[in-house]
Every structure is written in C-alpha cells, then in structure tokens.
Amino acid sequence: MPVVTATDPHRGHRRWLPWCAVLVGLVPAAVLVAYQLARPHALTGVHTYAGMGYDDGVYLGSALHLLQGSLPWRDFALLHPSGITWLMAPFAALGALAGDPAALAAARIATGCVVVGNVVLAGAVVRSRGPVAMAVASGVLAIYPTQVAATHTVLLEPYLVAACLLGLALLTHDGAFAGRRRIAYAGAVLGVACSIKVWAAVVVLVVAVAMLPRVRERALPWLVGSTVGFAVPVLPFALLAPGTFVHDVLTAQLGRETAGLSDYSLRERLPLMLGLELVPTASGMDRAVAVAVTLLAVVALGAVVGIRAGRADRGDALRIAVAVTALVALAQPPQFYPHYAYFLVALSAPVLGQSVAAIAEGARGRLRSGRPRWAAGPGAAVVSATVVVVAVALPGGIDRSSAFFADASDPGPTIRSAVPAGACVLSDVPTMLVAADRFDGSRDCGAPLDPFGLWLTDNDGRPASSPPPYAADFVAGWQQALTRAKFVVLSVPLSNYVPWTPELIAWFEARFVLATSGAHAHVYVQVPPASP
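Numbering (my numbering), first residue to last: 1 to 532.
No lab work stands behind these hints: they were computed from the structure.
Hints may contain errors.
[Unchecked claim] Derived DEER-like restraints, expressed as beta-carbon distance ranges:
#1 C445 - H173: 41 to 47 Å
#2 L301 - R416: 57 to 63 Å
#3 V293 - G179: 38 to 44 Å
#4 A231 - V31: 24 to 30 Å
#5 G69 - C113: 28 to 34 Å
#6 A292 - D407: 47 to 53 Å
Every residue, glycine too, gets a C-beta built ideally from N, C-alpha and C.
Kindly produce the complete structure, drawing on both the sequences and the hints.
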C-alpha cells in the first residue's frame, strides 16, 4: 500500500528565506558602487594620481595588446598571471568597436557588479550556519571603511575575491566537504583565482592540507582541479616565454624593495590590513589594535561555544585556517597598499559571521531552556544590530568615496588635441592613454605597458622613486622607448616613473618640446634634432 506523505507548501520558501539575510550587505554594496560609478570622471577618467589610479590601464591594456597580437611575457612585462588579461579581453574587443574609453567604462561597471556579487558570495560561504552568519558576513564586506580603494576601478582584488569565495562556497555542503566532482569544480575555480593573483595559492594550500587524510577522495580532485584552473589561462603564454614568466611573476615580486614607499611596520600596517584607514595614523593604529583584539575574542568565543555545543564542523575550522593564513601571508610583503585589504576582509568576513552566529545560537540555547518565548531573540537581535551598523556606516562610505574621487580628472581632451590617432605615444600612467583613446599605437611602437612594473623587472626590484644609480640596461631601455615615441604624456613633468639621469634629462629636453598641458596631462612631442 503506498505511503501518503504530507507536502509542505512553504518548504521552497523556507529554503530561500535565509538568502534574504544577504540583503543586509547587498543593498548598501549596490548603493556604494552606484555612487562611485556616478562620480565625475568615474567611468572614463583617471581616478587618482597618487598610485591608486594606475593599475586599471595596465590590466585593460594587456588585453588591448593581446588583440593586437602582443603576448604577455613574450612581448611585454606583466607582473601577475594572465587571468586578468582574459577577463578584460571582452572589454578590449568592445574598445576595438566603440573606442578605448567605452571599454574602460564597461570594465569599471562590470567590476562594480563583481563587487556587489562578492557580498552575496561572502554569505554563501557560511550558508550552512544560517541567516545570522550570512547577514554578518555580507554586511562586513559591504561597508568596511576602506573598500573604495579596491572597488573603484579595475583591480585584481575584486576578481580574485570572487573566485576565492565561489570556490569556498562550492567546496562544502552542510558544513562538510562536498563530493569528488564538486571538489574538483571548486579547485578549478581556485585555480582561476591563482591565475588572477598568486595570493590565492594560500587558499589552495590550506585546503589541500585539510584534505590530506583523504588523498584520493578529496585532495587529488582538488589539486587536479586547481592545476587545470590555473594552467588553462596561463600556460598558453607562459610556455612561449617561461623564463620571463618566472622572472616577472615570481622573482621580481618576491625580490621587490620599497625605497620607503608603503613600507610599514606591522603596527603601522594593521589599520590598513583591517581596512580601517588608507594611510596609518597614531590614533588609527591604537584603534586597529583594539579592533583586532575584539575580533580575535569574538572568533575564539564563537569557536569555544560551537565546540562545546557540538555544532562546530570541518567547514568552520577550514575558514578560520584560511583567514589566519591569509593574515600571516599579507603581513610579509615589503609593501602594502590599501586595496590589498579587500582580500583579507573578504576571507575574514565569513569567519566573523560564523563566530557571531555560534555565539547567538549558544545564547538562544540558554534562553530556550529558561524562557522559551525568548528563544529566537539573540539571532534576530544580531541581524537587527547588523542592519543598524550597516545603515550608520553607509554615509561614511559615501563620504570616503567622495574624498577618494576628489582628484579625478579626464585627460582625454587634452591628449586628443595634440596626439593623432595611431601615433606612437608613451605615458607614465597608461590609464590616461586609454581614457584618451590613444592607447593602441602600432605594434612596433614598443611603449612600456607598465612603467612602474619595469622598475621591478628591470631595475633589480627597486621601485619608482628609488634614488640613483639605476641599472644601465634599464635606463638604456627607457631611452630606446622614448626614441621610438613620437609623443610622451606625463602626469607630472619629469615623472618619477621614468629613471631620469642627468644625461637622460638633457637628452629628453633636447628632443622633446611641450605641446600642451592640462588635467594632469603634459603632452610632449618629439622634434628632429638640431643640425650640427
């Protein structure tokens, strides 16, 4: 006789109800991104000229070069794996049809969408821990104070974080490792993350160690997936110039010096790592120590409560291990820029979410045993408090975005007025050429794609602003590039992204004259040398 079972008409609704918790972070993240994209010159201008408005031109420019037939490492220096080149390729194709400024605008809008999606992914990583964990994780990633440094334009961190969070979300199911096939998919996604920035290797290694007791069932599909995910976007270029690939991506990065630029002690670096400040201050360092101690206490208490209640699982431990390892790893590089914090905050937000959820669940259990009618109170209180904190923090995020864009400008009209389309032009800030639709000179122009990166690859790891002497081949290479260029566009006269020696300055002033200037663009044109 068939068994008749009751069907719950609300089952589907209840399954999706916890996802409403990510609205706590999703809404403010969307508001902040929309506000940033609406700032003057946000879509097609240069956002800052102080080191944080530079990278987008390199990443989009690498894809523009690819469309012209130039390949990373074989034809131009690239300090990161080529995953970002592939990600920017569709926008470069758009630029070929509608102009480079359209490509830049579309890439920035797409990056903003990725930033908003990351808030959802942060909640997805801890979905097994319920709506409280999801609300806290998404809320923290959405409104941490310095998020604008990583989310205002095309940078590696938003895409790196998207791949890392998606991989971690796929990796577990109900707090335990998923099946072999899903583990392989998760590994492939983390491999793609490594192809964007090698920092993701931290996550890959921590997960691999966690899987070692079950090599065939877990570790092997994870490592195969991550290897394939990295190899597919990188090897086609790396195999054509393996020595240059290793030198640019590994040797130059590991051997880079600071010359005092963004070179902070651990105490000075802490407010930047926690995403509290763009530049360390005395009060900020004290506040960062207090915040760090508080966060550690919350995580420790959440772990203890979860273990004692028998609710802690492998997923909780894995997320803590990933966040702690990332914290230690980011304390090592000689330089630290504010947008680096996005990676650490994104991996730490789910840990904070699961810890707060565990504490709330522990409080709920105590209330249930004493006053059942108050049993649901702690979770609701935490979600409500998170909503309040996010709402209070949102105006501050808007103010910081306004301040961040204060120096934004569009050098395009100035550059276009002096530089004809198709001319060989060199710039210290490649984004200026993209904004002016003057990036795509002839392939034999040979203008450096990444002037700052050349200091690391060709000047023994000593960055721009380093005092002389400079490597002789490095200076000679710059002089050759300047010789080929018909026009030179500098954000400031004698920009320190060029290794000016007294001889090179004298040569430049004899060969180039200022054609026009404005909006941070100083356009020089090469004139024939005077007859003897």
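- Item | Hints the structure fails to honour | Hints 1, 4 and 6 not satisfied by this model.
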